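**Student:** The chain contents come next:
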Amino acid sequence: MDKLLFGDNQFFGVNHMSEDKARAQVIRFQHTHAIMDVLDTAYDTGIHTFMCTTHDRLAEVVARVIADPVRYADFKFFPCMPYAHKYANAVTELGMIGALRHFLPSGGLLAAAIAGSKALASKDVEGIGQLLIDAEMKMFSGVSTPVIFVQNVVTDLILGMGIKDGFRIFDDHIRKNYAAEPAYITMNLPMLLEALEQQGIRKPIICSNINKIGFRMSGGFDAYLAALKSGRVRAIAMSVFASGAIPADEAIHWVSELPGIEAIVFGASSRANIQNTRELVDKYMGAQA
Amino acid sequence: MNDKLNVAVVGMGKMGLSHFAIVNAHPAVTAIACESTGFLADGLEKYVSSKVCRSYADLLAYDDLDAVVIATPSRSHAAMVRQALDRRLNVFCEKPFCLDWRDSEALSAQAAEHGLVGQVGYHYRFVASFREMKRILDSGALGRVTQVLAEAYGPVVLAPKRGTWRTDKAEGGGSLFDYAAHPVNLLNWFFGVPDAVSGSVLTPVFSDATDDQVCATLQWQDGLVAQLAVNWSDESFRKMSTKISIIGTNGRIVADRQECQLYLRQASPALPDYEKGWTVRYTTDLTQDQWFYLRGEEYSAQIDGFVKAIHSNSRGPVENDFSSAAQTDRTLAMIVDNASSGVVVRDATAPPVRPRRNWLRRLFRLKQASY
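Residue numbers (the working numbering), protein chains in the order written: chain A, 1 to 289; chain B, 1 to 371.
Bound-form chain B, shown alone (with noise of 0.2 Å):
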């Protein structure tokens, strides 16, 4: 079929096999490989029928390419996404993003210019119980939020061994990137990046170079304030947990991936399902099925919301977008900042544009005694 978009999958390692696989079974795409450790890619040759591609240049060169997921280390990420968009193609980047946020927002502004499709991974925004939170929140029926528990959890370094990139801060790796990214997408979903970043501490556990566990304070203006409590290095959980607990002054919400709890003091004309009291939503209930199911719908969900927003041609809002993106590593940012130097930090260091500020939040944050 002529109409199909053709899509690479570069970087054949846990994620990016996983999103070869999902790729490859979508019904609007061929997929191709790029993979330039010579034992995996020679491997792919023999045993998948899709293209298998050495190197990113030569991929670069193939004419008919629509799109490019860049699945490598994310230290890679930057200089890859900018030769994809140079050359025109649209791109859907493991997360996180960028490991400085100023790559990330000059990214997203030569995508937005150019009219490509820009994304990044960050699976839970499609998960269905973190997609309920977002509708409760945006309802406004939660009255004004005032304290939020952001927490994720998993069993990755239980012991001290020899690491990979993932344990290379350098590398974009440690809890902060891989595992704290994840939280902070969300809490950057729901209320923005924040205005201040406190009590940020990156400590090793068994890690020699680098963060096994993550903990730090974070403000926006209107006196939310956001705990954030990570650690890989817990063996209790069978795999990765996010949990946020949110609390507002018409009650509580806490959501992981497989439920939505809502308690609300008074029920809400704005969310007419939901009754005074508890109101529990559970993920297989929200969920919708997907064409193909590999460890779990988002996974899916998110490869097929990218293609469609290529085929669409519409330039109209996607997911998880490259701007999206660039809020969570200003805000991750902000954290390094602040866990260095111990002051606390109220802007990652250049101040970006701000589309939600105005003079009246400014002269308000003016009188704010301190954070």
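Only chain A is shown next, with the shape it has when bound in the complex (with noise of 0.2 Å):
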């Protein structure tokens, strides 16, 4: 794994400081090619692997990616699935059952198991959640996906409500049928990797915040630092400068004293920005990976 990685809050209005800056954030990023612009700053500067939501209009990313295999030799995804606002609001709108009806084949097995004229076995649910992946990494074939994260809200939803093998059937679908690593992204990285652990996946990996003044490590920051310690999880570390409270040298060079930690990502929109982490990460993490 390249210890760098950029990521792409930025180019959908992901803010934790402001919606004026979100907004303006969407203004600029509205036509694929600014996000492309950013992309190949960030290419060249050696950053190879884009950490993104499964969002549809990063379909067009994957296609420009593809139309040019020469420029783009390096180039890989690490697509983080589900975009969770895509069913949150058909849930909404359409209810539980119908947002379900919605995202799946219709009829077969599970129009009659919602009409409850069959039960579901558990290998029917498995099935349900193999088609949901699916559909998810339909946009990224034919680019190289080497490790496939499922996206925060959902890790913390399986891993607060205790789903029994929620964490195995992921991961067992994406070793065997996309040949990549399975991985998490999550806000509460402590009690995760005890989940994980619990369902037989040792030394998972990891993303989740982690910053020199404990922004948003629920579970809490010595925790964080134990678990690291611990050998037991290859960490992704992000929001390591905690929405721009922590100076980027300073940030940069505490994660890169922690034990456990594979790599950084980070989402920036000016050539600027994108170097000196380049180069921070350089000077303390070693040269490019």
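Please note: incorrect hints may appear among the correct ones.
[Claimed, not checked] Below 35 Å or equal to it, Euclidean Cα-Cα: the simulated DSBU-like pairs (lysine-lysine) are: (1) B:14 <-> A:138; (2) B:134 <-> B:51; (3) B:46 <-> A:203; (4) A:21 <-> B:134; (5) A:176 <-> B:51; (6) A:138 <-> A:86; (7) A:164 <-> A:86; (8) A:164 <-> B:4; (9) A:3 <-> B:169; (10) A:164 <-> A:212; (11) B:239 <-> A:76; (12) A:86 <-> B:276; (13) A:86 <-> A:203; (14) A:21 <-> B:4; (15) B:14 <-> B:161; (16) B:134 <-> A:212; (17) A:212 <-> B:161; (18) B:169 <-> A:86; (19) B:4 <-> B:308; (20) A:164 <-> A:76; (21) B:276 <-> B:308.
[As the list claims (entries may be wrong)] Here are some chain A residues pointing at chain B (derived, C-beta under 8 Å): (22) 19; (23) 94; (24) 97; (25) 162; (26) 218; (27) 219; (28) 243; (29) 246.
Source of the hints: derived by calculation from the structure; they are not laboratory data.
Bear in mind the structure is a predicted one, so any value in this text is a computation, not a measurement.
Glycine is no exception: its CB is placed at the ideal position from the N, C-alpha and C atoms.
Dock chain one against chain two, each of which comes alone in its own frame, and use the hints as you go.
**Tutor:** Here it is in structure tokens:
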């Protein structure tokens, strides 16, 4: 895995500080060429991995990468599924069962189960999960996706509800059918690590907030540090700058000295910020991976 | 552990699943799931380790139950909450509380009489930027507040489609109960129930049976005017966005989920941490981390508040208690009355007790020409 990964929050108006800034970003990245320009800048700085949501709009980015295999020879996607607002809005509009009907193939077993004429067996529920994963992955066919994530809202819903085998189903399906490494984004790293181990998943790749001031590290700063030191997790640090609360040099220096960190994921829109982050990671975490 | 509370989450829709995950992750709680749709209950039984109950009646028969979290469609809230209180259970109810504000007040009185914790899920009161807004208002630093704009926008109903209970007015659906209830609840928190509602227009945009946008003017007798502008058919927002802007004689304050911006004409000794001119505070700085995070700290914080209130056995004030949610139900009723009659509504149909009013205010009110 590269040591520095490029994230996509800035392209979709996800900004933890300000709704005005978020809207300005949405306006700026309205057209795919604006996204592509920033990705090109990052790529030319040696950042070859784009960790991105399975948002419909990114299909255009995938198409451009496929269209120029020479330019993008080393371009890797780390998809993060699902784009949750699509499902949340559908549930508000159509209800829980209406939403399931909307996103899954009509007829057959599921329809029978919803109508109450047939009970779902565990295998069938697994099948529903696999269908949803495949639907999210469709847009990435033809590009390299060596690591595939579950988004934090789904990871943490499964975690909180205590869904048995929930992570196992994802893990098995990704390894078997995509020859990729399954990974998890969470806001609750210590609790998730326990749950994954209980499902027999060892040394998982987990992406979570890891920053010097403990911003959104639910479960407690000390528990995060203990998990990292234990050697049981391959961590990817996000929100390293805590939404700008920590100066970049100090933030990356601090993270670089932690054990168990394989990579940092960050989002930026300007060449200067991308360049600066690249240089800091090289300085503190070793030369370009 | 014997001292864990047994808390059942009733109704596994969108909010129910989210509440269940948070309740189940709470270290001081053992969670139970209650869902009557066979297909969903089957799935839960197979996949969660918690106890699953298929009917509310069966659930209420459990011996060791301490509390219920009601996350069923709004129309069912009043009856279900009443049954739970009759059974001497503490209750957390999803918003809006009851479709008839008289039910809300009766249930509020019942919970108080039995010494039970009753709380409603207006999570914006647990968002740090709105808490900061409340602190600033309570300090008096803004001077006399004269004008408010309360807005909520989001992308829920974007095309004419077959609806659910959320798009059925009789079920408590529509943008008034679903969306507008949040900014109205914040206005109630800051200023109480309005003394007059006028200019209410509830408009369908794509829906057949209910409103997709809400406009209304809320007035208080001290001259404060608030305008409510809500629309859930607005795709330009990624998710629901609520924003309150308040102008007072000493400045302006604007808050949304992310930040609280204050402009002060003069610095105030009541608010020493804010200077003259603009000061911006971000939710990221103001927020306390919770033990578990799903969709936002506020969802965990409100459940934690509920659990702590039960555990501590204190009967002190609970944020979002039933009586505060009843204020919101009354305000929504005034908006509905005004929208249907076109006549300025000065009270919901029967006047309940209003602790803030005294004879001086009454006199003042009589003297005011009209709203």
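**Student:** Work down the list of hints and note, for each, if the structure agrees.
**Tutor:** Hints and how they fare:
Distance restraint check for residue 14 (chain B) and residue 138 (chain A): the Cα-Cα separation of roughly 26 Å lies within the 35 Å cut-off, and the hinted pair is therefore satisfied. Taking the CA atoms of residue 134 (chain B) and residue 51 (chain B), the gap is near 40 Å; set against the 35 Å cutoff, the hint is violated. For the given pair, residue 46 (chain B) sits about 27 Å from residue 203 (chain A) by alpha-carbon distance, which is consistent with the 35 Å threshold. The suggested pairing of residue 21 (chain A) with residue 134 (chain B) holds, with an alpha-carbon distance near 24 Å, which does not exceed 35 Å.
Restraint check for residue 176 (chain A) and residue 51 (chain B): the C-alpha separation of about 33 Å stays at or below 35 Å, so the hint holds. In summary, the hint linking residue 138 (chain A) to residue 86 (chain A) is supported, as the alpha carbons are separated by about 16 Å, within the 35 Å threshold. This hinted pair checks out: residue 164 (chain A) and residue 86 (chain A) have alpha carbons roughly 25 Å apart, not beyond 35 Å. With a C-alpha separation of about 22 Å, the suggested pairing of residue 164 (chain A) with residue 4 (chain B) holds against the 35 Å cut-off.
For the suggested pair residue 3 (chain A) and residue 169 (chain B), the alpha carbons sit about 53 Å apart, so the restraint of at most 35 Å is broken. For the hint pairing residue 164 (chain A) with residue 212 (chain A), the CA-to-CA distance comes to about 33 Å; that is within 35 Å, so the pair holds. Restraint check for residue 239 (chain B) and residue 76 (chain A): the C-alpha separation of about 29 Å stays at or below 35 Å, so the hint holds. The straight-line distance between the Cα atoms of residue 86 (chain A) and residue 276 (chain B) is roughly 43 Å, outside the 35 Å bound, and the hint therefore fails.
Note on residue 86 (chain A) and residue 203 (chain A): the hinted pairing holds, with a Cα-Cα distance of about 31 Å set against a maximum of 35 Å. The suggested pairing of residue 21 (chain A) with residue 4 (chain B) is violated, with an alpha-carbon distance near 44 Å, which exceeds 35 Å. Taken as a hint, the residue 14 (chain B) and residue 161 (chain B) pair is honoured in the structure, with Cα atoms around 19 Å apart against an allowance of 35 Å. Distance check on the hinted pair: residue 134 (chain B) and residue 212 (chain A) sit about 30 Å apart at the alpha-carbon level, within 35 Å; holds.
With a C-alpha separation of about 48 Å, the suggested pairing of residue 212 (chain A) with residue 161 (chain B) is violated against the 35 Å cut-off. For the given pair, residue 169 (chain B) sits about 24 Å from residue 86 (chain A) by alpha-carbon distance, which is consistent with the 35 Å threshold. Proposed proximity of residue 4 (chain B) and residue 308 (chain B) is supported: the alpha carbons are some 11 Å apart, at most 35 Å. Restraint check for residue 164 (chain A) and residue 76 (chain A): the C-alpha separation of about 32 Å stays at or below 35 Å, so the hint holds.
Proposed proximity of residue 276 (chain B) and residue 308 (chain B) is contradicted: the alpha carbons are some 38 Å apart, above 35 Å. Because the smallest distance between the Cβ of residue 19 (chain A) and any Cβ of chain B comes to about 5 Å, under 8 Å, the interface hint for this residue holds. Satisfaction of the interface hint for residue 94 (chain A) is found here, the shortest Cβ-Cβ separation to chain B being roughly 6 Å, below the 8 Å cut-off. The interface hint given for residue 97 (chain A) holds, since its Cβ lies 7 Å from the closest Cβ of chain B, which is under the 8 Å cut-off.
For residue 162 (chain A), the interface hint holds, the least distance from its beta-carbon to any beta-carbon of chain B being 5 Å, beneath 8 Å. For residue 218 (chain A), the suggested interface contact is upheld, since its CB lies about 4 Å from the closest CB of chain B, less than 8 Å. For residue 219 (chain A), the interface hint holds, since its Cβ comes within 8 Å of a Cβ in chain B; the closest pair sits about 7 Å apart. A least Cβ separation of about 5 Å between residue 243 (chain A) and chain B falls short of the 8 Å threshold, and the interface hint therefore holds.
For residue 246 (chain A), the suggested interface contact is broken, since its CB lies about 11 Å from the closest CB of chain B, more than 8 Å.
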